[in-house]
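Chemist: Protein sequences, first through last, are from chains A and B.
Each residue of the first sequence is one higher than the one before, starting from 93 at the first, in the working numbering.
Each residue of the second sequence is one higher than the one before, starting from 1011 at the first, in the working numbering.
Honestly, the hints are just simulated from the structure, not real lab data.
Idealized CB from N, CA, C, for every residue including glycine.
There may be inaccurate statements among the hints.
[What the hints assert, rightly or not] Example chain A residues on the side facing chain B (calculated, C-beta under 8 Å, incomplete): (1) 187; (2) 188; (3) 190; (4) 194; (5) 200; (6) 202; (7) 204; (8) 206; (9) 207; (10) 208; (11) 209; (12) 230; (13) 231; (14) 233.
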Amino acid sequence: MPTTRRQFLSLAGGVTIAGTIPIVTVRTLQATPAMLNTAIRNIVGEAQIRTGKVKLDIPPLVENGNTVPMTVSVASPMTANDYVKSIHVFNEKNPQPNIGNFYLTASSGRAQVSTRVRLADTQKVVAVARLSDDTFWQVTAEIVVTLAACTEEMN
Amino acid sequence: MAALINVPAKARRGDIIEIRTLTSHIMETGFRHTADGALVPRDIITSFTCRYNGAEIFRADLFPAIAANPYLSFFTVAKESGKFEFAWIGDNGYTSTASAPITVE
Chain A
93 MPTTRRQFLS
103 LAGGVTIAGT
113 IPIVTVRTLQ
123 ATPAMLNTAI
133 RNIVGEAQIR
143 TGKVKLDIPP
153 LVENGNTVPM
163 TVSVASPMTA
173 NDYVKSIHVF
183 NEKNPQPNIG
193 NFYLTASSGR
203 AQVSTRVRLA
213 DTQKVVAVAR
223 LSDDTFWQVT
233 AEIVVTLAAC
243 TEEMN
Chain B
1011 MAALINVPAK
1021 ARRGDIIEIR
1031 TLTSHIMETG
1041 FRHTADGALV
1051 PRDIITSFTC
1061 RYNGAEIFRA
1071 DLFPAIAANP
1081 YLSFFTVAKE
1091 SGKFEFAWIG
1101 DNGYTSTASA
1111 PITVE
């Protein structure tokens, strides 16, 4: 039987409608606060983490999470007996909880590191410093992100 | 690969100097998908080191949360004339090096 115009149009219309139904896939790509704690414990171990000494300089409101300037500094005399060994930066809601580990020496002069980071969501960022006496100090900053990084589609 | 290094050409002995580095790299996170759903594989710089006349003075582990074209700034005490050597190591066998001289008076 030859296909009539009416049959053809109804068939084509059906295909078009089916084609426009969006296929939604939910991706669970966020780190959780539990992952943040685990990542911090991987570095710190069982040691106590005290609040203070560390300063996290990062904008509180970010328009573009793809590149966020960040400076971490630690109040330390940076002498041979009292210096900052390392600085570790973590996030709460990116797909991975780590941002960076930075290792300093007694001859660094100033315990300060700057870089640019990605933030996938409005979240908190935690910086932990390990001093030469193996004490740990931390600071937390809350950042509001209006355009997220990382998980968008590539064009 | 292209890297921008900013080190003071001259310093007095004992000065604290800032070193700033910028290198070009895509820093693909490994969490993004193309429009047809395929995962874009991770391609990042994972490690950066800076040596001052052979001795390591700064090292960093980088993660996908570091923005594209990684920028790093840090400090050191100017002790003697010589050179700073920088090395970036990453996924897929990526390596890149750069160096900068300094005169300490």
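Chemist: With a cut-off of 8 Å on the beta carbons, see whether residue 194 of chain A makes it to chain B.
Modeler: Where the cut-off is 8 Å and the nearest Cβ of chain B is about 5 Å from residue 194 of chain A, the hint holds.
Chemist: Can residue 208 of chain A be said to touch chain B, with a Cβ gap under 8 Å?
Modeler: holds, 4 Å
Chemist: Grab the minimum C-beta distance from residue 204 of chain A to chain B and call the hint holds if it beats 8 Å, violated otherwise.
Modeler: holds, 6 Å
Chemist: Under 8 Å, Cβ to Cβ, is where residue 230 of chain A needs to be relative to chain B, so tell me if that hint holds or is violated.
Modeler: violated, 18 Å
Chemist: Does the nearest C-beta of chain B fall within a distance shorter than 8 Å of the C-beta of residue 207 of chain A?
Modeler: Hint holds; residue 207 of chain A Cβ to chain B Cβ min 5 Å, cut 8 Å.
Chemist: Does the CB of residue 231 of chain A sit less than 8 Å away from some CB of chain B?
Modeler: violated, 17 Å
Chemist: Classify the hint on residue 206 of chain A as holds or violated, based on whether any CB of chain B lies nearer than 8 Å to its CB.
Modeler: With a closest approach of 4 Å, the residue 206 of chain A hint holds.
Chemist: Using the nearest Cβ pair, does residue 190 of chain A come within less than 8 Å of chain B?
Modeler: holds, 4 Å
Chemist: So, residue 233 of chain A near chain B? Judge it on the closest CB pair being under 8 Å.
Modeler: Cβ of residue 233 of chain A sits 14 Å from chain B, so the hint is violated.
Chemist: Does residue 188 of chain A meet its interface restraint, that is, does its C-beta lie within less than 8 Å of any C-beta in chain B?
Modeler: holds, 6 Å
Chemist: Closer than 8 Å between Cβ atoms is the bar; does residue 209 of chain A clear it against chain B? Give me holds or violated.
Modeler: Holds: closest Cβ of chain B sits about 5 Å from residue 209 of chain A, inside 8 Å.
Chemist: Any CB of chain B closer than 8 Å to the CB of residue 187 of chain A?
Modeler: With a closest approach of 5 Å, the residue 187 of chain A hint holds.
Hint violations for this structure: numbers 12, 13, 14, all remaining hints satisfied.
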